[in-house]
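Engineer: Dock chain B against chain A, hints included.
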Amino acid sequence: MKITRRELLTRTIVIVLGTGISFKSTRGVEEEKNLVMCIIPDKCIGCGMCVKACKIENKIPVEKPISRTWIEGYEIKIKIPYSESDVKKIVMNTSKNPFLTYKWGDGEHFFVPKLCNQCQKAPCVRVCPVNARFYTAEGIVLVDKNSCIGCKYCVTACPYGATYLHPDQKVTDKCTYCYHRIKRGFSPACVQACPTGARVFGDINNPSSEVSKILREGSVDVLLPEEGTDPKTFYIGLENKFIVEHSIATGEEINE
Amino acid sequence: MNDEGDIKKKAIFFGFVLVVFVAAGIIFYVFYLSPPIEKTYVQKWMEIEASRLPQYGSPELCSKCHFEQYSLWIESEHHSSIQCENCHGIGMKHIENPYDGNYMPRIDTSREFCGICHESIPPRDESSAIKTVNLSTHNPEYSCILCHLPHRT
Numbered sequence: 001m002k003i004t005r006r007e008l009l010t011r012t013i014v015i016v017l018g019t020g021i022s023f024k025s026t027r028g029v030e031e032e033k034n035l036v037m038c039i040i041p042d043k044c045i046g047c048g049m050c051v052k053a054c055k056i057e058n059k060i061p062v063e064k065p066i067s068r069t070w071i072e073g074y075e076i077k078i079k080i081p082y083s084e085s086d087v088k089k090i091v092m093n094t095s096k097n098p099f100l101t102y103k104w105g106d107g108e109h110f111f112v113p114k115l116c117n118q119c120q121k122a123p124c125v126r127v128c129p130v131n132a133r134f135y136t137a138e139g140i141v142l143v144d145k146n147s148c149i150g151c152k153y154c155v156t157a158c159p160y161g162a163t164y165l166h167p168d169q170k171v172t173d174k175c176t177y178c179y180h181r182i183k184r185g186f187s188p189a190c191v192q193a194c195p196t197g198a199r200v201f202g203d204i205n206n207p208s209s210e211v212s213k214i215l216r217e218g219s220v221d222v223l224l225p226e227e228g229t230d231p232k233t234f235y236i237g238l239e240n241k242f243i244v245e246h247s248i249a250t251g252e253e254i255n256e
Numbered sequence: 257m258n259d260e261g262d263i264k265k266k267a268i269f270f271g272f273v274l275v276v277f278v279a280a281g282i283i284f285y286v287f288y289l290s291p292p293i294e295k296t297y298v299q300k301w302m303e304i305e306a307s308r309l310p311q312y313g314s315p316e317l318c319s320k321c322h323f324e325q326y327s328l329w330i331e332s333e334h335h336s337s338i339q340c341e342n343c344h345g346i347g348m349k350h351i352e353n354p355y356d357g358n359y360m361p362r363i364d365t366s367r368e369f370c371g372i373c374h375e376s377i378p379p380r381d382e383s384s385a386i387k388t389v390n391l392s393t394h395n396p397e398y399s400c401i402l403c404h405l406p407h408r409t
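If you're matching them up, the sequences are chains A and B in order.
Going by the numbering used here, the first residue of the first sequence is number 1, and it counts up by one from there.
Going by the numbering used here, the first residue of the second sequence is number 257, and it counts up by one from there.
This list has only true hints and no planted wrong ones.
Covered by chain A, according to a simulated footprint, are these stretches of chain B (three or more residues, beta-carbon under 8 angstroms):
id, stretch
1, 275–288
2, 296–307
3, 311–321
4, 338–347
5, 367–377
The hints are simulated quantities; they were obtained by calculation from the structure and are not laboratory data.
Heads up, the beta-carbon is just placed ideally off N, CA and C, and yes, glycines get one too.
This is chain A alone, in the form it adopts within the complex (with noise of 0.2 angstroms):
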């Protein structure tokens, strides 16, 4: 088989950018996620389950009442004019549930369970003043606590209260989506611990996901949206409880 120079030229150049071009496809593409919670606070019973698991899991100290997910139960009372003193908002965040001693009166009940919104635009990250704070590739907001001095710029700067000084560590900690375990291909302890699913977790770019599906349909709200966050724990059929806060605040008329 004979070859000529020139073919032998462009083989030598196509081989040798074929490779480099293969090597440099192969190392630059990873699979981009983009995860999110969605709160189902409808199907939330309070028992407390998730904040349990949480703890365990992060080994927070149980008996405190700090802690990365907690439940705040609400009882309002429709009645115009309105006053702070009708809406009572008792929380757990312990693994003792104050929901089953409260002695319950009349009005909307309801629970909503919270956590880190794992803001896309974080007021934590911002205001750090050592860089401990980031984003990893999926969205979720670390941190660092090899460098965090423990000054709690943080903490003020929540608008959340998610964040808070860990008592044993001395450095701030906060709710990664259980990040060890959605590497690990776990689900979150405390969406793996909700009884009812009122917690979905999942790939919002993949638009098969569960949470995908529940995010188009149901009618999606944040926490204080007016706080810039963007955050990315959804919370889905919100809007009626809301309004009844509102119209309660505003002292409209109540149709019920």
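Structural biologist: Structure of chain B alone, referenced to chain A:
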């Protein structure tokens, strides 16, 4: 004239070969020989965070050994939405050391434990997503699992 043309051609050829070899050398260096770029604090922390061992496993892991119980539970009408470790306790250490008695999951069969979800309180009764009972009046002396089998309800 002919000689000069030959030399020119040869010069161009060797020039080409040189360029190709230099390019190959650079690509080889970049992908194989160059020292790894030192990790930033952020990358280091992401590795530390991802390397933490979970405490909770998952029902799929439990099913690898306890398949009979798993198949009963997964076909149950209501409790199939509750994961194993909610009632049986954390199991990741038991999954890793199945025969170590220290890590055996313990199950809480007390009335209070069932009451965490099934105690009757106003917010639950309004939504009626689950069945609720008043624990203080509903057969107070008996254990729940005497009548209600958790894996079959």
